[in-house]
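My request is simple: use the sequences and hints to build the entire structure.
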Amino acid sequence: DEIKIGFLVKQAEEPWFQDEWKFADQAAREKGFKLVKIGVPNGDKVLTAIDNLSAQHAQGFIICAPDVKLGSAIVAKAAQYKLKVMSVDDRLVDGAGKPIDSVPHMGISAYKIGEQVGSAMAQEMKKRGWKMSEVGAIRLSFDQLPTAKDRTDGAMAALVAAGFPKANFINAPQAKTDTENAFNAANVAITQNPKYKHWLAFGLNDEAVLGAVRAAEGRGVKSDSIIGIGIGGSQSAMNEFAKAGKTGFFGTVLISPKRHGYETTLNMYQWIKAGKSPDKLTLTTGMLMTRDNTAAVRKEMGL
Amino acid sequence: MMSNMPSGGAGRRRSRSTSVSYLEFKQIGKVFPGVRALSDISFQVDSGRVHGLLGENGAGKSTLMKILGGEYRPEEGELIIDGQVRSFGRSREAIDAGIAIIHQELQYVPDLSVMENLLLGHLPSRFGFVSKRAALKQVGAQLQQLGVDIAPDALLKDLSIGQRQMVEICKAIFRDARIIALDEPTSSLSHQESEILFRLVRELKAKGKVLIYISHRLEEVFALCDSATVFRDGCKVADYPRLADITREELVTRMVGREIKDVFGYQPRTQGETRLEVEGMSGRKLSEAASFSVRGGEIVGFFGLVGAGRSELMQLVYGADRRDAGEVRIDGRPLKGRGIRDSIESGLVFCPEDRKENGIIGCLSVSENINISCRRHYRQGYFFVNDSSEARTAEGYIKLLRIKTPGRQQKIRYLSGGNQQKVILSRWLAEQDLRVLIIDEPTRGIDVGAKNEIYSVLFEMAAKGVAIVMVSSELPEVLGVSDRVVVMCQGRITGELRRGEANEQNVLSLALPAGKTADRAAA
Amino acid sequence: MTTTTQNVPGKTMAKSKTGIIKYLDEYSLILIFLALFALLSFSVEYFFSLDNMIGLALSVSQIGMVACTMMFCLASRDFDLSIGSTVAFAGVLCAMVINQTGSIVTGVAVSLLAGAAIGFINGVVIAKLRVNALITTLATMEMVRGMAFIASGGQAVGVSNTAFFTIGNTMILGIPSPVWITIVCFVVFGIMLNKTVYGRNTLAVGGNPSASRLAGVSVERTRIYIFLIQGAIAALAGIILASRITSGQPNSAQGFELNVISACVLGGVSLMGGRATISGVIVGVLIMGTVQNAMNLLNIDAFYQYLVRGGILLTAVLIDQLKQREEND
Amino acid sequence: MTTTTQNVPGKTMAKSKTGIIKYLDEYSLILIFLALFALLSFSVEYFFSLDNMIGLALSVSQIGMVACTMMFCLASRDFDLSIGSTVAFAGVLCAMVINQTGSIVTGVAVSLLAGAAIGFINGVVIAKLRVNALITTLATMEMVRGMAFIASGGQAVGVSNTAFFTIGNTMILGIPSPVWITIVCFVVFGIMLNKTVYGRNTLAVGGNPSASRLAGVSVERTRIYIFLIQGAIAALAGIILASRITSGQPNSAQGFELNVISACVLGGVSLMGGRATISGVIVGVLIMGTVQNAMNLLNIDAFYQYLVRGGILLTAVLIDQLKQREEND
Ligand SMILES: Nc1ncnc2c1ncn2[C@@H]1O[C@H](COP(=O)(O)OP(=O)(O)OP(=O)(O)O)[C@@H](O)[C@H]1O
Ligand SMILES: Nc1ncnc2c1ncn2[C@@H]1O[C@H](COP(=O)(O)OP(=O)(O)OP(=O)(O)O)[C@@H](O)[C@H]1O
Ligand SMILES: [Mg+2]
Ligand SMILES: [Mg+2]
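Chains as they are written, first to last, in the numbering used here: chain B, 77 to 379; chain G, 116 to 638; chain R, 138 to 466; chain F, 138 to 466.
Hints listed in this document are in silico derivations from the structure and should not be mistaken for laboratory results.
Note that the structure is a prediction, hence the values are computed from the model and not measured.
Glycine included, every Cβ here is placed at the ideal spot set by N, Cα and C.
The hints are all genuine.
Computed footprint of chain G on chain F, listed as stretches where at least three residues anywhere in the stretch have a Cβ under 8 Å from a Cβ of chain G:
1. 338 to 347
2. 353 to 364
Under the rule of at most 16 Å between Cα atoms (straight-line distance), these lysine to aspartate or glutamate pairs were calculated in the EDC-like manner:
3. K271/B to E182/F
4. K110/B to D77/B
5. K252/B to D438/F
Following this line, the structure appears as structure tokens:
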């Protein structure tokens, strides 16, 4: 029988998932199996997608669930259809919030990436010789999305660990996750805190941080007084690095869509084909990509 | 051209060569899905003359006018203007050809000013900018000249129905159209307003326009028209090149297809006990609390000029508007509550004057419109409708009142006005315990035949002991049908006259505001 | 007067279409759907299989339930954008109450009541205070979504009582329970629309509110009921969803309202009120689900799925419109 | 005719309110806004500062531009859900064309044309083919969003020509260019609505389409123009947004359409057509922006923001409604 593998992601339109799919496709081409890509923005869609996979006789699927608490439902549904499951990016948990060990996982915790952002900012601050008391840190929050909350919490924890005063965090909630809403939220944050000389900006993704950087620049803050670090290494970040002059968008934590896309799919393929079950847990790391090391980091990440 | 005249022997007496033939319909036919609205209609209208178009409801008069106005394309036949065959795809083309139609359904934009409504589609502008001040001034002057008492900057929605109708008429005059068709223009005009209209029509005639006049009020037709064509069921049944030659009775017979000697057909009845008592009714639009009573079997006509507050009073009685004070008693018992439902449960029902807005539910079938209220009498298990009983009821009333419809499932909006009115009457006749019927303008826009039928329904109901209140702005109707006439003026009841005492003179004098009587008489 | 009174027939039927053609006309959308279905069955592998049919039915089960009540809502010339939020809130609430009390019945009941209460508030504001329905329900949409987030702290609420999961995951005669519930909804609301006073009143209110009022229909009460029932059914959908995904999620069912409204309008429910059929709504729901299902089977790129979805929606209403135009002109 | 011309106005005003009261009545929403504004100025730190005012103005600049054309659209009894997608698509397209040709003028022109074309298609389908506006624009919303994704491959499109950024980032007299453009839009469309034949025809078409058609107004043409201009202005908003954030992002402006429509309806534009004022729309836009701004300044929890937004929306229309009811009864 033809091998068919599903790859379900929570935000199909996001560049990150597009890249994952791209690399998964690459694996499918190389090994000659069929890959079914479905976007699953909510719990209902997840179940529909699994039904759909079973209907077309897939043998297994990889999933980045819109909510990790869907774990039990996904596992149950997969068992019902005898489909193999792996999770990617976000690790599935059960009703009590415990990670589900039976599902092999590859990824990096959202909190961890956040921590990387935080420590990178701390390091860069030190390098620039800023006094921490003069620095305001804008947290572009979108707490409606659990991942977003974990990421920003991680960044805050790392900054605090590096001695950053808690009082200097400014929460800027975005109404939507796009750049314009981040811009407006950050603008207010800056207005409220004229006392700071320097600014940090972090958030859910590159687009959010970009909004904050644009807002600060628009308010006359010099680019070298801003350190914005995004997450994802998307085109938005690349665009910033491609600009002639330095901008406040200092860097982005790049996670490898190649490993997440290519390797998981390959693992699943071998699991189905040869019964070789993948490692229960593979943790990847992100890498800080800045204007100076773009090419090198991308190469290392297999892009 | 003469050979195209299919009928109307009288026409040959006149010498045609002297007058210019302006507008000619030639074998026009029009089909709607399931209904043939017009077939083989041919006649012509000369300039400087007023041509009457007569016929029952649904005869196809308005449809023909819509063809003239470019709204519908006829399937058959052609339209000849000034010897040229014309065909309009859109209203605009007809307007540009000098045609103005005053529609039966008022066509205005409520939130725009009188000026803008008058000039709609032709707003004077420079580089796309409306020259508002100049337009207001000009329109004001023109209205003044026409003797129409309306401010050009008032919003249409703030005008009375009659004034809205005047605006419609002025619209046609302002466009300086050569061919003007008036489709039942007086159906909601007061007496004075009608007079203004007649004067305007005569002036237009003197200017050599082609005028088509549609009305169900034969006295108007006789007063205004030079010639006439009679339709029945979409066919031309008669052509009268000289209206003066024939009698009213003959015309009615042609229209209806049967003889009607007396439209009202008043039948005296024995009257029972007092059924409806209204005491101290007051609401915002009434200037004085109103009290009146009606006996079982009695028909009380309410007369007044437009805006006298009759409709408002009836709505208060029915519970459709909020009462400030007042009590309604039926057979001596006060109504249980103040809402519409309470009135209906107690056997008090109301037919509103604006059929389209408040009467019919256009997108539903005739059957639905009949059964909407009375279905509660035969619902099953509280919730479920009883389809067979409803069908029986609907079919019964369609037959009883001779409602012209392809079937009970036809959407009511495709019925003619008279037939719609009969459907709404059926809605209330179907009530099991009907005691009081209030009917507001029962025959507005309705043909003589149907009028006659509606009156006979009213008499039948009265004979069964129902108390009937009939609000009407048509004096002959009020005098012809009622056992008693109540007159209102400016929000209060000004008098009451029994049948026999009531005549045109004394009713009108009660209806006119005190200060204005002399003025009006002079005019 | 020499008038030739040639033909005065009652009313000659112009082109009385034969029965079949008329039938075809009326059910054109059903035919479109059947054609689409047949086409997909032949051309798309696995499409016409039992598994896939069940999957398809499951995927539209939530939309189907709420489309029934949305049909009433649109038919009465109203509009409800708050249902997606209600679905999410009901799911969260149900999960939380079950966790607190340990009783599934209590959880479900509280949730249904809350849904009905939301609907009731919508109804009162719209019918009694006469605020525009679009704005009212846009506001409640935001507020109810906010309540879902606040109640859950933004996190999915897992349910510890596993018996809860059976509500949405039982197979009866080989068909999953949510599908059965949806079928029951179609039947019940179909009968309500066509056979009950309430259904008839709904159409009357949509057709002409002021005429209905004068004819003794309690317009306000009817409208309030419509919203109330809609709220309750949205809550039911939320409970079933929560049961299926084994947790109440505050950010679920976003954009749900537009899907439901699309399905209804596709199914010929007039946004101008007064026109609705249950068969149309069923077809509307099925078209929406089928298209999505086939796209997934065909593995169509996520970006192109937008194009296809939009295109299908447009084509379906266009065909329906052209047909109707022919009829009206 | 000796008609006593005592009272020329349409009808003796039943209770002719004195000038001031009437004025207050008519501008109640403006007063509500001013009260809100004053309250916030006193109670919220930094609210009434130049910086914050500029920030506020910037945050509503996109919504403001498109609200102008949405006002026409709603006033003519239409509806447009596709504008958010158009904003995103125009931004992406503009960035791509500039990158390809190196010419900013070309990029902007192509983008505006594309927006106008989308609007034109909407208009033709709605006005000529008479498909329901909600469904049509829901379909084009999906399709245009899909096009934005496809064109960009789902990625933000950076612009290499930095001169482009000046469009949205220049200060003129201390006020940023997007705000100026929005002000210009308010002025231009305000004049268009009140002073031009096109504006009056729009109101006429919305107030009574058949009366307008019979009076010779080309209803179809007017409606098509309305959509066309709306598309072009949405594209303009997209270009300016792209310039402000220095890249064209395919997933920007989601939910934008509901914000714009809310602003208009808040500003008293009737969804039943025929009624609109530019002052109302400006206030509507400002209320929306002010509330969001103040919530951020007050650091209100994201979850509670939903409640506040919904609550404010509801309160504003409720007050307006109660006032109108008083007037009408
Ligand atoms: N749009 C339509 N669709 C179907 N049937 C129609 C339509 N318009 C009119 N009809 C039918 O065509 C016939 C002619 O109607 P028309 O309105 O011309 O009558 P009329 O002579 O003006 O009557 P009235 O005196 O009541 O105004 C009627 O049977 C009517 O039901
Ligand atoms: N739609 C309306 N807009 C403004 N004023 C109105 C409207 N309808 C009625 N009025 C006014 O309300 C008052 C009472 O009107 P009402 O309709 O009760 O009078 P009526 O005697 O029944 O006359 P009509 O023949 O017009 O029905 C009048 O001053 C009238 O001008
Ligand atoms: Mg007529
Ligand atoms: Mg009246």
